[in-house]
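Position one of the sequence shown corresponds to residue 1 (UniProt numbering), numbered consecutively onward.
Wrong hints could be hidden among the right ones.
[What the hints assert, rightly or not] Straight-line Cα separation of at most 30 Å, BS3-like style, residue types lysine-lysine; simulated pairs: (1) Lys605 / Lys592; (2) Lys346 / Lys592; (3) Lys548 / Lys414; (4) Lys548 / Lys592; (5) Lys312 / Lys548; (6) Lys537 / Lys577; (7) Lys382 / Lys346.
Hints were generated in silico from the structure; no laboratory data involved.
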Amino acid sequence: MHATMDAYRRAYEQSITDPEGFWGEAAEAVEWVRKPSRVLDSSRPPFHRWFPDGELNTCHNALDRHVAAGHGDRVALHYDSPVTDTRRSLTYAELLEQTARFAGVLRGLGVERGDRVVIYMPMVPQAVVAMLACARIGAVHSVVFGGFAPKELAVRIDDARPKVVVSASCGIEPGRTVHYKPMLDEALRLAEHTPDRCVILQRPQARADMGELDLDWDEAAAAAEPADCVPVAATDPLYVLYTSGTTGRPKGVVRDNGGHAVALAWTMANTYDVGPGDVWWTASDVGWVVGHSYIVYAPLLVGATTVLYEGKPVGTPDAGAFWRVISDYRVKALFTAPTALRAVRKQDPEGEHTTRYDLSSLRCLFMAGERLDPDTYAWASKVLGVPVIDNWWQTETGWPIASNHRGLEPMPVKPGSPTVPSPGYDLHVLDADGNECAPGEEGSIVLRLPLPPGTLPTLWNDDERYVDSYLSRFPGHYLTGDSGYVDEDGYVFVMGRTDDVINVAGHRLSTGSMEAVVASHPAVAECAVIGVHDPLKGQVPRALVVLKAGVTADPDDLQGELVRMVREQIGPVAALKEVAVVPALPKTRSGKILRRSMRLMADGKEAAVPSTIEDPDVLEALRPVLRREPGQ
Numbered sequence: 001m002h003a004t005m006d007a008y009r010r011a012y013e014q015s016i017t018d019p020e021g022f023w024g025e026a027a028e029a030v031e032w033v034r035k036p037s038r039v040l041d042s043s044r045p046p047f048h049r050w051f052p053d054g055e056l057n058t059c060h061n062a063l064d065r066h067v068a069a070g071h072g073d074r075v076a077l078h079y080d081s082p083v084t085d086t087r088r089s090l091t092y093a094e095l096l097e098q099t100a101r102f103a104g105v106l107r108g109l110g111v112e113r114g115d116r117v118v119i120y121m122p123m124v125p126q127a128v129v130a131m132l133a134c135a136r137i138g139a140v141h142s143v144v145f146g147g148f149a150p151k152e153l154a155v156r157i158d159d160a161r162p163k164v165v166v167s168a169s170c171g172i173e174p175g176r177t178v179h180y181k182p183m184l185d186e187a188l189r190l191a192e193h194t195p196d197r198c199v200i201l202q203r204p205q206a207r208a209d210m211g212e213l214d215l216d217w218d219e220a221a222a223a224a225e226p227a228d229c230v231p232v233a234a235t236d237p238l239y240v241l242y243t244s245g246t247t248g249r250p251k252g253v254v255r256d257n258g259g260h261a262v263a264l265a266w267t268m269a270n271t272y273d274v275g276p277g278d279v280w281w282t283a284s285d286v287g288w289v290v291g292h293s294y295i296v297y298a299p300l301l302v303g304a305t306t307v308l309y310e311g312k313p314v315g316t317p318d319a320g321a322f323w324r325v326i327s328d329y330r331v332k333a334l335f336t337a338p339t340a341l342r343a344v345r346k347q348d349p350e351g352e353h354t355t356r357y358d359l360s361s362l363r364c365l366f367m368a369g370e371r372l373d374p375d376t377y378a379w380a381s382k383v384l385g386v387p388v389i390d391n392w393w394q395t396e397t398g399w400p401i402a403s404n405h406r407g408l409e410p411m412p413v414k415p416g417s418p419t420v421p422s423p424g425y426d427l428h429v430l431d432a433d434g435n436e437c438a439p440g441e442e443g444s445i446v447l448r449l450p451l452p453p454g455t456l457p458t459l460w461n462d463d464e465r466y467v468d469s470y471l472s473r474f475p476g477h478y479l480t481g482d483s484g485y486v487d488e489d490g491y492v493f494v495m496g497r498t499d500d501v502i503n504v505a506g507h508r509l510s511t512g513s514m515e516a517v518v519a520s521h522p523a524v525a526e527c528a529v530i531g532v533h534d535p536l537k538g539q540v541p542r543a544l545v546v547l548k549a550g551v552t553a554d555p556d557d558l559q560g561e562l563v564r565m566v567r568e569q570i571g572p573v574a575a576l577k578e579v580a581v582v583p584a585l586p587k588t589r590s591g592k593i594l595r596r597s598m599r600l601m602a603d604g605k606e607a608a609v610p611s612t613i614e615d616p617d618v619l620e621a622l623r624p625v626l627r628r629e630p631g632q
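My request is simple: use the sequences and hints to build the entire structure.
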């Protein structure tokens, strides 16, 4: 049952004016080894710590307590792998048994509280087991996206300095096998740090040659004694997650145990309206923050059933893959990225695949990872017939900064907005001089300190870089790096990264606003607008568009229509005159379009290819289009 209509405003106001009361009450949803006597320690600003004298164990809260309460037979995890034609379900009791046993493997290898373990695995249940096993014994895990290049894996190994690396022989992509073990071997050759041992899951699709450091997962687990939970301080790190696109020394976001468990449990009930026994599916990867928070920890903390999907939105086998999974497991809520839906829409523009499946269990579609453009929102709303809810957050925050809180008070949706700030986030929009912007006026979105529980307390072994990167631009505030505005109703509109604001003849314009217009054209599947250097105007916008499957359009006609639409909806000052039709846009594996790389390339500068790129050939193929001088 939903609370009364002013529930959100009451919760938000309490979280800002009385954060200790608000989060102290939220902490009751977690089982503590030692309950905290204090909720917030602000004695060393800008470093604020939540539940400073509390002790708990995150794995106990995710598994043991549900089994102890008599729910061991409830399904904890559905594993669905169309790329290997495998399906398996694990109950809470089974997942606990496997986790305790693998925790025993790690303990037998000398891993103790505070030691690091790097996990480099595909989307298999053992990846979840490895994460929870680390949490069980107080070790700090760092998951590196499976298939990352050896050089990128090496710099993360050198930064985290793990005692053990956990990996697999291979990952499976549509049409190809990715051999992980040779990449891990190369990473260890490049790295200065050498772990004591590597535990390797041998997958039947491609077995790996084992070296002297290597242990077979199955053999090690069979011989291990199960390990019990180790109490840790609420302020002890649970994991380190390296942000995408880092160069040089990577930026390791730290997540602590106590605040993380409290915040994620709160969001499942209040943001997502999901609780014990509900089936929840986050179509992402454990290598990203969405996977950490909402494939693994949050659903298990509240006793829900999580779906672990080793496949793609299209091609495994078709654009109906998502709808098949929802139907098979009676999924209540799906959480994915707009990019995934655009891929589905490109192949199935009318959403005909939805008619092949029973989607009656689905109550809500949640989106995150990038801005949900109004056109994708409208399409998903039409073909699914359920609320489509945008979330806005970051690796650093770990959970939504802004959302439409379905379990607290469902609000009217405004396309293009993730709705309102989540309780705990004191959100403001500031101009370049640090002054508060008026409603509707675009500026830098910042969060007044202290940040709520579950957000990063610092960067791994680098307090100075944490302050320089996030807290120095506007003292007393966390800089999100995103620009946007808050309207007269308090709704947040995130228009893009602050470096995606372009300056056209002295006018600051958001490329996100132009993209929203371009994406609304019926022929356009997805698009990106970048600012290209212009000797007269400083910068001019250029649009790159991908057409929907089966759609043909005359490039000159399409350019004329899009230029006219932007002129009518934003104004002549936008000065969009250049539109290029391209076969694909370069993206990271998490679905973010590489606008910065394209912008540098267009300006004739060397664009370092990010480690997280999905397909480097896509970016390289755009070079002639991007290098074209404005007006050519």
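Results for each hint:
no.	hint	result
1	Lys605 / Lys592	holds (21 Å)
2	Lys346 / Lys592	holds (17 Å)
3	Lys548 / Lys414	holds (25 Å)
4	Lys548 / Lys592	holds (19 Å)
5	Lys312 / Lys548	holds (18 Å)
6	Lys537 / Lys577	holds (13 Å)
7	Lys382 / Lys346	holds (15 Å)
Figure legend: structure checked against the earlier numbered hints; every hint is met.
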